[in-house]
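Between the sequences and the hints, there should be enough to build the whole structure, so can you do that?
Residue numbers (this note's numbering), protein chains in the order written: chain A, 92 to 688; chain B, 92 to 688.
Derived by calculation from the structure, the hints in this document are not laboratory data.
Please note: incorrect hints may appear among the correct ones.
Since the list gives no way to pick out one identical chain from another, each pair is judged satisfied if it fits inside one copy or across any two copies.
[Stated by the list, open to error] Distance condition first, Cα-Cα at most 27 Å in a straight line; then the derived DSSO-like pairs of lysine-lysine:
(1) Lys362 - Lys309
(2) Lys309 - Lys391
(3) Lys219 - Lys271
(4) Lys271 - Lys238
(5) Lys633 - Lys644
(6) Lys362 - Lys310
(7) Lys391 - Lys238
(8) Lys391 - Lys98
(9) Lys219 - Lys391
(10) Lys477 - Lys454
(11) Lys391 - Lys248
(12) Lys238 - Lys248
(13) Lys108 - Lys98
(14) Lys318 - Lys391
(15) Lys350 - Lys487
(16) Lys362 - Lys318
(17) Lys391 - Lys310
(18) Lys318 - Lys553
(19) Lys271 - Lys391
(20) Lys299 - Lys362
Below are the chains, spelled out letter by letter.
2 protein chains.
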Amino acid sequence: MGGYAGKILRINLTEGKVSTEPLSPELAKNYLSGRGLGGKMWFDEVDTDVDALAPENKIFISTGALTGTNAPTSGRYMVVTKSPLNGAIAASNSGGYWGAQLKFAGYDMVILEGKAANPVYIAINDDKVEIKDAGHLWGQDVYATTKAVMQEFGDEKAKVLTIGPAGENRSLLASIMNDKFRAAGRSGVGAVMGSKNLKAIVVRGTGKVDNADPDEMKKILSEALGKLKENGVTGQGLGTYGTAVLVNIINENGILPFKNFQESYDPEADKISGETMTANHLIKKDACYRCPIACGRYSKWEGGEGAGPEYEAVWSFGADCGIHDFDAVHVANDLCNKLGMDSISAGCTIATAMELVQRGFVKPEELEGIPLEFGNAQGMVEWTRKMGLGEGFGAKLAMGSYRLAESYGVPELSMSVKKLDIPAYDPRGIQGHGLQYATSNRGGCHVRGYMVSPEILGLPEKLDKDSLEGKAAWVKIFQDLTAVIDSLGLCLFSSFALGLSDYRAIVNAVTGSDYTDAELLACGERIWNLERLQNLRIGMTKADDTLPTRLLKVEIPAGPSKGSVHRLPELLPAYYTERGWDESGVPTAETLKNLGI
Amino acid sequence: MGGYAGKILRINLTEGKVSTEPLSPELAKNYLSGRGLGGKMWFDEVDTDVDALAPENKIFISTGALTGTNAPTSGRYMVVTKSPLNGAIAASNSGGYWGAQLKFAGYDMVILEGKAANPVYIAINDDKVEIKDAGHLWGQDVYATTKAVMQEFGDEKAKVLTIGPAGENRSLLASIMNDKFRAAGRSGVGAVMGSKNLKAIVVRGTGKVDNADPDEMKKILSEALGKLKENGVTGQGLGTYGTAVLVNIINENGILPFKNFQESYDPEADKISGETMTANHLIKKDACYRCPIACGRYSKWEGGEGAGPEYEAVWSFGADCGIHDFDAVHVANDLCNKLGMDSISAGCTIATAMELVQRGFVKPEELEGIPLEFGNAQGMVEWTRKMGLGEGFGAKLAMGSYRLAESYGVPELSMSVKKLDIPAYDPRGIQGHGLQYATSNRGGCHVRGYMVSPEILGLPEKLDKDSLEGKAAWVKIFQDLTAVIDSLGLCLFSSFALGLSDYRAIVNAVTGSDYTDAELLACGERIWNLERLQNLRIGMTKADDTLPTRLLKVEIPAGPSKGSVHRLPELLPAYYTERGWDESGVPTAETLKNLGI
Chain A
92 MGGYAGKILR INLTEGKVST EPLSPELAKN YLSGRGLGGK MWFDEVDTDV DALAPENKIF
152 ISTGALTGTN APTSGRYMVV TKSPLNGAIA ASNSGGYWGA QLKFAGYDMV ILEGKAANPV
212 YIAINDDKVE IKDAGHLWGQ DVYATTKAVM QEFGDEKAKV LTIGPAGENR SLLASIMNDK
272 FRAAGRSGVG AVMGSKNLKA IVVRGTGKVD NADPDEMKKI LSEALGKLKE NGVTGQGLGT
332 YGTAVLVNII NENGILPFKN FQESYDPEAD KISGETMTAN HLIKKDACYR CPIACGRYSK
392 WEGGEGAGPE YEAVWSFGAD CGIHDFDAVH VANDLCNKLG MDSISAGCTI ATAMELVQRG
452 FVKPEELEGI PLEFGNAQGM VEWTRKMGLG EGFGAKLAMG SYRLAESYGV PELSMSVKKL
512 DIPAYDPRGI QGHGLQYATS NRGGCHVRGY MVSPEILGLP EKLDKDSLEG KAAWVKIFQD
572 LTAVIDSLGL CLFSSFALGL SDYRAIVNAV TGSDYTDAEL LACGERIWNL ERLQNLRIGM
632 TKADDTLPTR LLKVEIPAGP SKGSVHRLPE LLPAYYTERG WDESGVPTAE TLKNLGI
Chain B
92 MGGYAGKILR INLTEGKVST EPLSPELAKN YLSGRGLGGK MWFDEVDTDV DALAPENKIF
152 ISTGALTGTN APTSGRYMVV TKSPLNGAIA ASNSGGYWGA QLKFAGYDMV ILEGKAANPV
212 YIAINDDKVE IKDAGHLWGQ DVYATTKAVM QEFGDEKAKV LTIGPAGENR SLLASIMNDK
272 FRAAGRSGVG AVMGSKNLKA IVVRGTGKVD NADPDEMKKI LSEALGKLKE NGVTGQGLGT
332 YGTAVLVNII NENGILPFKN FQESYDPEAD KISGETMTAN HLIKKDACYR CPIACGRYSK
392 WEGGEGAGPE YEAVWSFGAD CGIHDFDAVH VANDLCNKLG MDSISAGCTI ATAMELVQRG
452 FVKPEELEGI PLEFGNAQGM VEWTRKMGLG EGFGAKLAMG SYRLAESYGV PELSMSVKKL
512 DIPAYDPRGI QGHGLQYATS NRGGCHVRGY MVSPEILGLP EKLDKDSLEG KAAWVKIFQD
572 LTAVIDSLGL CLFSSFALGL SDYRAIVNAV TGSDYTDAEL LACGERIWNL ERLQNLRIGM
632 TKADDTLPTR LLKVEIPAGP SKGSVHRLPE LLPAYYTERG WDESGVPTAE TLKNLGI
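Written as structure tokens, this is what we have:
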């Protein structure tokens with residue numbers, strides 16, 4: 092069985108016990124690895140009512156079936172655990188090199204159980220696994236920790252995954268960082284790691300990942316690389332301008348949320364566009380393991396240099412906060428990397444706070460004289476820092492926009508679904524993508540079914556963004572295919588150029604399986620339904636499949652999508668039907684049986 | 092004057108004296124910077140008959156007019172000095188980040204004079220320049236030196252340029268390395284640095300490089316990036332497969348030299364192709380400063396990982412040595428980076444030695460039992476190591492193929508021009524490129540007028556590779572344009588997609604100059620003629636504008652270019668005429684007057 096390592100590493104931090112166990116080929120056949128197998132094992136092993144930050148919660152750091160192979164973009168891993176933000180499945184995805192290195196060390200997955208008595212970190216050197224004291228690292232930021240752990244480990248080919256102060260402080264915006272600049276960003280996974288007193292995992296592997304059919308794979312690889320290069324998005328836009336190439340495109344479609352979604356068109360958006368970033372900030376582009384796209388940016392700004400912001404962070408700290416000072420956006424993004432925070436939710440939480448200030452909910456005396464108005468770049472940066480460190484009003488910000496707005500009695504000012512902030516596309520002007528936000532199992536997430544691809548970019552074909560026609564079926568397929576890609580350990584961006592048949596060919600050549608297209612897609616549907624069952628298990632209902640009231644009731648006031656609202660009530664029943672769920676959004680017995688759940 | 096820093100750093104190592112002086116705007120207008128201005132100052136300051144390894148030789152490390160700006164591929168610098176290999180101008184070009192960093196520190200150029208009494212290195216931190224003891228670094232390889240210097244300097248944003256043991260030992264194949272893996276590779280520039288007892292230069296700059304017209308530049312940049320992305324070579328081939336994408340293309344044209352040019356078609360070439368590298372070795376691609384192409388490879392091989400070999404090294408250690416063990420080629424290439432050697436000439440010298448063994452010139456007792464036959468990968472690797480360290484027969488190899496073959500009385504077995512080894516294209520099957528080899532001022536070099544572009548790749552238009560028609564004029568234009576690009580500090584690869592007018596638009600927007608296309612190209616012609624005058628000054632004549640006898644007289648024995656020889660005698664007179672040189676190859680007074688030399 093090529094691709095898979097065939098072995099799982101289990102570490103109980105309470106007992107300081109390290110063990111290994113074989114990967115179940117049957118589970119892998121049905122759930123692949125990554126998000127799928129991680130989710131399945133988490134579903135089976137962790138009780139429903141466990142508190143996300145209790146020692147009984149577990150973290151499954153799970154590489155994909157293809158992670159560490161020569162498949163394009165195969166550097167990714169998933170962090171699966173119960174989210175402290177909303178209790179749903181937190182399955183946060185990250186790129187870089189750490190995931191491939193774990194596979195080289197011989198493991199498909201690391202399962203973390205219990206809670207260490209004192210801060211520790213884990214050092215994995217092929218078969219040798221040690222739990223080490225991290226007292227001297229606790230309180231250190233991501234960059235300093237990475238450097239210190241690398242020095243102690245003494246092998247410059249090792250890769251480090253770590254939390255920052257935000258994770259230590261159990262911030263619900265805390266991410267898990269790897270390779271300094273890459274983030275498993277969302278759902279508060281860093282807080283779970285912090286709750287276990289686990290600061291970091293360094294890994295070095297010297298093994299190889301086998302391909303079942305290397306000759307066949309070479310042919311397929313050549314075709315796949317050709318498609319990725321010829322495609323306008325993966326071959327040109329993303330590599331040349333980074334993900335922020337989207338700023339002008341999304342704005343021109345009138346769906347770039349501005350000032351916490353009060354507006355959806357930003358007349359000055361070009362000041363924070365990918366084109367402007369390339370002209371004024373870019374030093375080099377950067378690629379993850381085996382990635383031909385290279386959308387990563389290494390940039391400089393007034394006073395520093397490091398990873399440049401992704402589109403989402405450009406938006407959250409920029410347009411969503413009414414800010415066009417691109418240096419400030421770079422600094423805020425760097426603070427997220429350094430302190431270990433989700434740059435989407437961090438920016439959105441500040442935008443929410445700015446609206447709370449605008450509407451008089453937050454009183455000046457709470458703010459220590461630091462500005463928090465839309466458009467104030469200096470205040471935005473300072474509050475980002477204090478949010479990451481949990482200082483003063485920053486401690487309130489660190490719990491996220493939902494709890495913040497709720498504490499003032501106006502939870503509807505949090506632009507979130509299931510308490511997870513909605514990213515940078517106003518659902519009112521993009522109906523399919525809005526449906527995906529409302530139904531995503533982990534909440535307001537854009538990478539569980541990226542309908543922007545057909546509705547804006549025209550890939551694989553152009554759909555009318557404002558039409559409802561066929562959108563329920565499209566969303567289902569996109570969600571299922573995404574679950575497959577996340578479980579193979581590939582980057583979602585590959586799907587701009589590659590389709591189901593390409594993935595099927597790759598996974599069969601690498602693993603020696605014989606999936607049909609339908610069987611592979613069924614894995615995705617199985618994963619989606621299992622995640623749904625978890626949501627139902629913790630008490631979520633149809634009422635949670637919704638969007639903020641503003642997006643359902645208040646028309647977009649200006650710009651190319653002026654006058655639109657999201658028409659969720661018309662879409663949701665059709666979506667449930669497509670899914671084989673009853674009218675309450677519960678999978679029918681037949682659906683579950685067909686999927687073998 | 093945007094683009095330029097306006098200041099030159101001069102360091103006399105004999106006296107330990109550091110000074111600065113203004114850049115001459117008039118010289119910059121006529122020679123730009125980089126190769127042009129470096130060459131002009133070298134020509135004016137250094138006596139004709141100076142020994143290249145004497146303290147009186149000087150090294151001009153010269154950034155281009157656009158180095159460190161936001162122009163695409165603007166990370167390059169040139170090392171200009173007298174070559175110890177042949178006495179001609181050594182103008183060796185390197186990418187990475189060091190050059191841009193020097194510009195950020197406020198300098199267009201560093202001039203190195205004299206010789207330190209003991210090993211030293213130079214630390215440049217903006218205005219603060221120190222000459223420091225390097226006794227502990229002498230004897231260290233490139234990787235160890237880079238690491239040690241970085242630690243001593245204490246700023247992780249600093250960039251290091253250094254020589255390895257090959258440069259210390261005055262090997263005529265010694266390179267100057269920067270950013271660990273990037274090389275100013277050819278003409279033995281590392282030996283000159285070694286002769287000055289100078290081990291390394293670390294630089295950190297915090298300044299900015301201004302653009303005369305940032306708004307205009309943003310527009311031009313957007314267009315230029317579009318052209319680079321749409322172009323099949325810069326947008327697809329080089330990024331996806333690295334420069335080794337050429338292996339199969341060149342082989343299918345029957346001009347991939349095999350076993351020291353005894354053949355020109357390798358039936359097993361795909362075993363060492365870019366496609367195979369991508370399938371079996373690539374970890375990530377890597378980009379130099381501001382480069383959208385990203386042809387660099389970060390790869391793994393049996394026993395190690397690091398920078399992957401370029402096309403030229405794949406050929407020199409692979410096909411030219413009759414070797415198809417790709418791991419061994421990776422190891423040899425890594426040894427070149429680590430020990431500081433020109434990977435082209437190193438491989439070519441081993442190939443020459445293999446032919447000397449084949450023909451019985453080298454006696455077995457010279458070889459300490461280490462194999463040196465075509466196709467023996469283990470022997471090739473071991474001899475590369477010993478060549479880099481100057482051990483035993485390796486010390487003979489370290490003087491290059493010409494001196495090696497000459498020592499056995501058969502200099503014609505060195506496949507070189509002006510003692511510099513010819514790179515990976517057999518001139519017999521590509522007439523224009525062969526003319527460029529014969530006339531290149533520094534000797535057998537492929538990057539002084541890359542005629543492979545029109546004759547094989549069809550850029551900017553397709554020429555018949557075997558025809559002589561118009562080739563003299565094409566070579567002249569390519570040589571002159573290349574001199575411009577080398578003096579702007581851009582990568583030659585940009586010229587697959589960009590033309591003279593693009594460069595003119597960029598240089599005018601950045602520097603605020605008002606060059607016409609003709610004026611800018613005249614800078615290139617001026618640079619070329621000045622370099623020519625140096626060759627004449629040291630006693631080179633028309634007789635040195637030639638190719639190895641084999642390539643002029645012996646027909647290619649098999650493959651797609653079977654039966655061809657290079658027809659230099661038919662091309663050379665036309666070339667001299669195009670150049671405005673007399674029939675002896677001497678520039679006429681009128682030509683020099685027109686160019687203002």
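Quiz prompt | Enumerated hints in conflict with the structure, sorted upward | solution = No numbers; nothing is violated.
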